[in-house]
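Student: Produce the entire structure from the sequences given, and follow the hints as far as they go.
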Amino acid sequence: MTKSAGNPVSVSFRRQSNAREWKEKLIGFVLLCCALVSIATTVSIVIVLLNDSVFNFNAIGKDTDRPLEGLVTGTAGQLKLKGRGTKFLHDLGQLTQGDDERADGPALIHIDGVEYGVQTRESDTELTLDRPLENDVSGGTVMRVDLAQRAFFQQVSLKEFLTDREWTPQMPHRSQQKFGILPLLTNTLLVTGIAALIGVPIGLAAAIYLSEYAGPQERNIIKPILEVLAGIPTVVYGYFALMFITPWVLRPFFQDLLGFKVSFFNAASGGIVVGIMTIPMVASLSEDVLRAVPRSLREAAYALGATKFDVSMKVIVPAALSGILASFLLAIARAIGETMAVSLACGRTPNLTINPLDQIGTMTGYIVQVSQGDTPVGSLVYKSIFAIALTLFLITLTMNIISQWILKRYREAYQ
Amino acid sequence: MSLSFVSDKSDPVLLRRQLVSRVFAKVCRFCTWGALAVLAILLACVGWNAVGWLDWQFLTSVHSADPEKAGLFAGIWGSFWMIQLTVLFCVPLGIGTAIYLEEYAPRNLLTGLIKINLANLAGVPSIVYGMLGLAVFARMFGMFSKDGGQPTLYEIPGIMQFELPFGRSVLTGSLTMTLLILPVVVIASQEALKAVPSSIRTASYALGASRWQTIRWQVLPAAVPGITTGVILAISRAIGETAPLVMIGSLTTIFYTPGDINSPADLIRHPGKLADVPFSKFTAMPIQIYNWIGQAKRDFSHVAAAGIVTLLFVLLAFNALAVWIRYRASKKIQW
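So the sequences go chain by chain: A and B.
Going by this note's numbering, the first residue of the first sequence is number 1, and it counts up by one from there.
Going by this note's numbering, the first residue of the second sequence is number 1001, and it counts up by one from there.
Simulated from the structure, these hints should not be mistaken for lab results.
The structure displayed is predicted, hence computed values, not measured ones.
Each hint should be verified, as a subset may be incorrect.
Computed footprint of chain B on chain A; a stretch qualifies when at least three of its residues, placed anywhere within it, have a C-beta under 8 Å from a C-beta of chain B [what the hints assert, rightly or not]:
{"hint": "1", "segment": "160 to 166"}
{"hint": "2", "segment": "169 to 176"}
{"hint": "3", "segment": "241 to 253"}
{"hint": "4", "segment": "257 to 269"}
{"hint": "5", "segment": "288 to 300"}
{"hint": "6", "segment": "303 to 317"}
Computed spacing ranges between beta-carbons, pair by pair [stated by the list, open to error]:
{"hint": "7", "chain 1": "B", "residue 1": "Lys1297", "chain 2": "A", "residue 2": "Arg219", "range": "40 to 48 Å"}
{"hint": "8", "chain 1": "B", "residue 1": "Arg1022", "chain 2": "A", "residue 2": "Ile401", "range": "35 to 43 Å"}
{"hint": "9", "chain 1": "A", "residue 1": "Arg409", "chain 2": "B", "residue 2": "Ser1198", "range": "49 to 57 Å"}
{"hint": "10", "chain 1": "A", "residue 1": "Thr168", "chain 2": "B", "residue 2": "Ala1119", "range": "34 to 42 Å"}
{"hint": "11", "chain 1": "B", "residue 1": "Val1020", "chain 2": "A", "residue 2": "Arg219", "range": "40 to 48 Å"}
{"hint": "12", "chain 1": "B", "residue 1": "Ile1041", "chain 2": "A", "residue 2": "Val43", "range": "19 to 27 Å"}
{"hint": "13", "chain 1": "B", "residue 1": "Gln1295", "chain 2": "A", "residue 2": "Lys314", "range": "52 to 60 Å"}
{"hint": "14", "chain 1": "B", "residue 1": "Trp1048", "chain 2": "A", "residue 2": "Ile354", "range": "31 to 39 Å"}
{"hint": "15", "chain 1": "A", "residue 1": "Leu394", "chain 2": "B", "residue 2": "Arg1022", "range": "30 to 38 Å"}
{"hint": "16", "chain 1": "A", "residue 1": "Ile401", "chain 2": "B", "residue 2": "Asp1299", "range": "20 to 28 Å"}
{"hint": "17", "chain 1": "B", "residue 1": "Tyr1205", "chain 2": "A", "residue 2": "Ile225", "range": "51 to 59 Å"}
{"hint": "18", "chain 1": "B", "residue 1": "Trp1048", "chain 2": "A", "residue 2": "Asp374", "range": "46 to 54 Å"}
The beta-carbon is built from N, C-alpha and C at its ideal position, and this holds for glycine as well.
Tutor: Listed below in structure tokens is the structure:
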């Protein structure tokens, strides 16, 4: 600074540029923070899904996560605890899990690994459960008692989750509850399969038509309408399935004409509307890649005597195959994660079936069902939706990653 | 050498190929217009069921157990306030992210991570966002709840009171929706920023403008139509999205509007009520419709249809606005 002391112009200039630099840096930092929100979102999604399914964050650092041994006496649902249980039951009084609307639901405890609701708490050492104990306790047995802080996969083994063929969380006793994801997964894939059968070919045909056949005027009409179709809320499609597809399409054809029984809630109606939903997505994504194929390829094919069919199906589609496949995968991932239409149209009884006219229960449908019902927050059934959501998240994430990989790996680059 | 091969009409192979080509064109055309016909059938089905039910009474009354008296009033105001807040949060965040990625981001690992992450977030099912909103905004992992799950009351003296966690409030709904549509807004804004030619930036730099001045006065104004279109389409998705609201548990049986503001005049008369809006419980249009579809009484299907027509009308208006902005911009700006 001493050097330029005699020259005020240069001093002020440098100062200004310094301030400007700082301002620039500050703006850059603020924008970086904006960008980091998306990373934070992903991290929170992962934490939320792991919490309650794989391990329980709420239990960390709390005294209540330690299993306590209590002397259980009494008959039926009466429970008396001695010794270390006293402090535990005091803690229980503090604990009514969940938010305000659900607070009237019972607090939950585990006795020998089985979940019970606590109906009333007589004193610091006595409480009444919502149902009789499953094991015989007439003589006064020592049991492991702990607050229901254990996560889903700490109570249900991964093996049972992946291989059991039944999903019966509504049963009152833990020994009868089965948590096998296979029925839910099969039903989800059934709906997705039907949706793909409808959405993929029609979407691709529409894309080929828009890119190869339609004139600019026709395209100007079709594209905005397809956009509208893509923008219709899924709950409306659910209504459409219930009010139109089942009574006016499926019932007259399959039941009255062919003699199959069509339930009011069925997989086919849900699959069909999800398929309709994915048409605009496949069409617009595929059309973009079809149009990106250079003109010279088309002209070369025509010069060799190809018909329009040959050009589209044997030249243009193969040239754009990676993009088309990626659009299929994205559409299928969307169909798997689709919630409202499916939960409205398909019913709520997961069973291991591939009959599309039967009522089923998908993964997303089950999540909605539990979150809407009066299942106490923190119970095993409530925690099961986090395990399902985690499965759902992993499936769609895998499909998204594969589709991006296909796009990158097999992209045909044209100048 | 004869040139007769060009018009050899009797060649069976050639005839077959031409037939295949013609049939294929018909099939493609049928599929495309068939998809549009489904839209027409859908609208007709909903419209038919709504006739006689969509009236002034429906728009001005709240939910009721009697289908004749049920209405969408609380849902309309709930959706309105939720979307207002969503725009407030989402637009700065989304545009900021897009500007960072397009104009500032160095080519490093973090930038790549953010880009991949955005693409993946766009594919996450909306119900998962609902679970995120429930845990992070509605419950805040139980961090602020006192004994018995009751929220804690905080107060900024003289201005407002608020509760942590947010519970089933308008704020929870809008924050969840913000995260849900953020990837869409970012990707649309990125496209709009990319479309601005680099010569504009270079010219601005040559005139001595700093990076931010270039973005603020040259790039952003040119990209505004594209960004606006993207934001409007994203917002129209947020209006119709149901699954996240089901998860965060917006109630269907709400008989009042957020902040108890029942008309624009109400808002002008008591502007103080505005502070209550973000923290009051709410219901939204799609949630009401979902509830009515599930009702046992037959007549509720007509009420649901009336709600759907209202919802679709709002969405179509938004879509039309986006198309109009795009059309105007394409006429105005020519590089």
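Student: Decide, hint by hint, whether the structure agrees.
Tutor: Checked hints:
no.	hint	in the structure
1	160 to 166	violated (count 0)
2	169 to 176	violated (count 0)
3	241 to 253	holds (count 3)
4	257 to 269	violated (count 0)
5	288 to 300	violated (count 0)
6	303 to 317	holds (count 6)
7	Lys1297/B with Arg219/A: 40 to 48 Å	holds (45 Å)
8	Arg1022/B with Ile401/A: 35 to 43 Å	holds (41 Å)
9	Arg409/A with Ser1198/B: 49 to 57 Å	violated (29 Å)
10	Thr168/A with Ala1119/B: 34 to 42 Å	holds (38 Å)
11	Val1020/B with Arg219/A: 40 to 48 Å	violated (24 Å)
12	Ile1041/B with Val43/A: 19 to 27 Å	violated (44 Å)
13	Gln1295/B with Lys314/A: 52 to 60 Å	holds (53 Å)
14	Trp1048/B with Ile354/A: 31 to 39 Å	holds (34 Å)
15	Leu394/A with Arg1022/B: 30 to 38 Å	violated (46 Å)
16	Ile401/A with Asp1299/B: 20 to 28 Å	violated (47 Å)
17	Tyr1205/B with Ile225/A: 51 to 59 Å	violated (43 Å)
18	Trp1048/B with Asp374/A: 46 to 54 Å	violated (36 Å)
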